[in-house]
Amino acid sequence: MALSGVEIFKMLPKTNCKKCGHPTCLAFAMKLAQRQATLDSCPDVSEEAKKVLGEASAPPVRPITFGAGDLAVKMGEETVLFRHDKKFVNPCAIAVEIKDTFSEAEATKIIEQVLASEIDRVGQKLRVDAIALTNASGDAGKFEALAKIVAAKASVVPTIICTENPQAAEAAAKLFADKRAIIYGANASNAEAMANIAKTNKMTLGVHANGLEELSALTEKIKALGVEDMVIDSGARKAKDIIEHNTLIRRAAVKKNFKPLGYPVINFMQRDDSLVEALLAAVGIAKYSSIIVVNSVEKWKNLALFTMRQNIYTDPQVPMQVEQKIYNIGEPKPESPLMITTNFSLTYFIVSGEIENSKVASRLAVMDSEGLSVLTAWAAGKFTASKIAQFITESGIEKEMSHKELIIPGYVAILSGSIEDKLPGWKITVGPREANALPAFLKTRAA
Amino acid sequence: MAFTPTKETYSGKVYPVTIGTGDKAVTFGGENVLPFNSFEGAAPNAPVIAYEIQDVPPTDWPENVQKPFAAVSDDPVKWAKYCQDELKAKAIALRLVGTHPDRENRTPEEASKTVKDVLAAINIPLIILGSNHAEKDSQVLIAVAEAAKDKNCIIGKAQEANYKTIAAAAMANNHKLIAMSELDINLSKQLNILITQMGFEKERLITDPMCSALGYGLEYTYSVMERIRLAALTQNDMTMQPPMLGDVGMYVWKIKETQAPESDLPHWGPAEERGIAWEAVTATALLIAGAELLIMRHPKAVEAVEKTIEELI
Ligand code: B12
Ligand code: SF4
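Here the protein sequences line up with chains R and V, keeping their order.
Position one of the first sequence corresponds to residue 0 (numbering that gives the first Met the number 0), numbered consecutively onward.
Position one of the second sequence corresponds to residue 0 (numbering that gives the first Met the number 0), numbered consecutively onward.
Extracted from the complex, chain R is given alone in its bound form (with noise of 0.2 Å):
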């Protein structure tokens, strides 16, 4: 159960010290009871209270890193059910399955996917975050054989190693020392021995169960045998009962602090039809994956997923925003082209894109406007005249320019005569209102 600001209140010393930075323990507590402040501020507070208010404030969903070094994912923090309330933390990792029953050629082809999938997108870089490994054939010895050449040509990616057998997890996990690796096949049946190899070898243990009350009963069960990161699968494979069971896992641990139920979710998807495959994915990132384990990572895919991802996964208050500059693209001489646009970062990527594309070397001003597109920001006041005649004024690029135009966005052509009242000397050309028709306006210009 979540515990209420009052609550906390009466397990802290009450003496008001102030040690923790706030001014009283009552204030202190209602930090802790809306997640904003964490125990350990207090320097004076019991044992007792501890393990009581510890358990009480940790994150709702527990905090897991899978993998290791550069590509390491961060799993689970999440604390609200509707992305309009809070942002989501941690986007859901995207895992391609390679099943020990394929040839040496087929598993390296996926690797070689893996290893190619990063993609920039409004300057982030998003890529196919692990590869889950399947014992698909039952076999051990096949296991252990995949296991092998993942490691040895895909070290670097967080890797699941899934299978029921122990000696075959035990195996593969050595192969994966160090590297925080998800060990995922724990069940009712074998869960003292997954629970033994995922602790000694320091790695996370998937949890496997039929239906939210067996999983909540096994996790308990695990987390008695002393494993304390786990992701969870109840077992839901059809999209309806994914979306049954995230959102009741999801409910359990944001509203009840229902800890048996407070892990990261792993959501098996894998379909024939790639296409299909793709939209249950893009269920699971929308209803509260964790991690998502396909089939296939085509580019066009990658592409359509990564960008759900980081759609539902932006914080719904503070758009994405670059920073107010002057940015140039390619090498801009003295005679070469000043553009202005507003700091959306969306609009930021696709029109620095496109005057990249047009080849022409440009300068292009990004004014701050609170993460705003042009017309948007237009439309609340802020990319207005006297705002940007202020910008261009205050960054000083007039010196390093032999001319005095200024290139507006087709969009906002009305603003074009307040500027130049604004900006004596200056000269402001209306661009086209759409950026695909940057690099034909530059060229033609550069002609």
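Honestly, the hints are just simulated from the structure, not real lab data.
Heads up, a few of these hints could be off.
[Claimed, not checked] Think about it this way: if two alpha-carbon atoms lie no more than 20 Å apart in a straight line, the pair counts; the simulated SDA-like pairs of lysine to any residue are:
1. 255(R) / 5(V)
2. 306(V) / 255(R)
3. 386(R) / 428(R)
Just so it is clear, the structure is predicted and the values come from calculations on it, not from any experiment.
Chain V with the ligands: place on chain R using the hints.
Same frame as chain R, but now just chain V with the ligands:
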């Protein structure tokens, strides 16, 4: 600690809306739970996908989505019949873009004739959309609403600037009405109130909170829809209870990701699959957010979304 599921019971419900006539009529909406949460309430009707067609050939559509209709899209009647008979469409959305003053500038009379011809050729429900030119739409939609009298169509879109005439026309001719506002829950609520204050029954409305494509503002549409649905269910807010429309195809098939050739962007993969996936993922996201009616273009995207809906209900 034993697990007890936290089930929600909501005080409100989405209105069910039926369109079309006879045994091909379809109903969407009607649920008293969040999308696909039938484990805790009733969701009697599956979402419906309508195929988008136009009164003029789709020369403004990217090639990859023109192709599936190449043999039929020179004529809206053939196009509609193809969607109904070959693609097993459950509904058709006829967009009268040819009436736009910057396009063919077709007259309301011409538009009415197209509507009558299409209606005569199909027996599935028809959604009739203007060209999104506020002034012209009020003339065109009045005429076509009358031409389609008593066929129980959906007329749209009524916006703040022109809702009076369009709502009156839909009312007089027994149609349903799409009310569209721009990505703002309060604007959407206000427009629904204005329209119902004219005497238009709230049970005949469909809300369009404005679509946006994956990667191009989808998160805004997604959250506005989610908030509208929550207001309908948890606050029993009647002005938020009409089913919602996602006008997906037109927003998706204008962005770069659905058009740029693979030769320009090798890391994006083949353009055709990419475009189809873009439309289908956008549609799926909106279904999860609460859309009950979708307007889409590519047959493969529609097929995949319908399969997904089957798995979700
Ligand atoms: C998403 C959205 C929002 C989001 C904000 C998203 C954001 N971060 O900006 C939200 C919901 C918050 C919002 C709010 C509002 N919005 Co708004 N919004 C939109 C929407 C749907 C998409 C905007 C978008 O992201 N476009 C994509 C970006 C990339 O476009 P862009 O920045 O314009 O860049 C393009 C071009 O301008 C050009 N370009 C850009 N820079 C440059 C530079 C040069 C040199 C050149 C040549 C070209 C160029 O290239 C880009 C790609 O082609 C549009 C409608 C639409 N479909 O366009 C309305 C829209 C922009 N909003 C509008 C309005 C009125 C508002 C509000 C004032 C009213 C309201 N609804 O409450 C508020 C104001 C916000 C505030 N804080 O007060 C109006 C503006 C009308 C007008 N002409 O003035 C629009 C057009 C909707 C409409 N038809 O009424 N909005
Ligand atoms: S440090 Fe502890 S005892 Fe001191 S004010 Fe903060 S909560 Fe109270």
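Consistency of the hints with the structure:
no.	hint	in the structure
1	255(R) / 5(V)	holds, 8 Å
2	306(V) / 255(R)	violated, 34 Å
3	386(R) / 428(R)	holds, 17 Å
Going down the numbered hints, you'll see the structure goes against just number 2.
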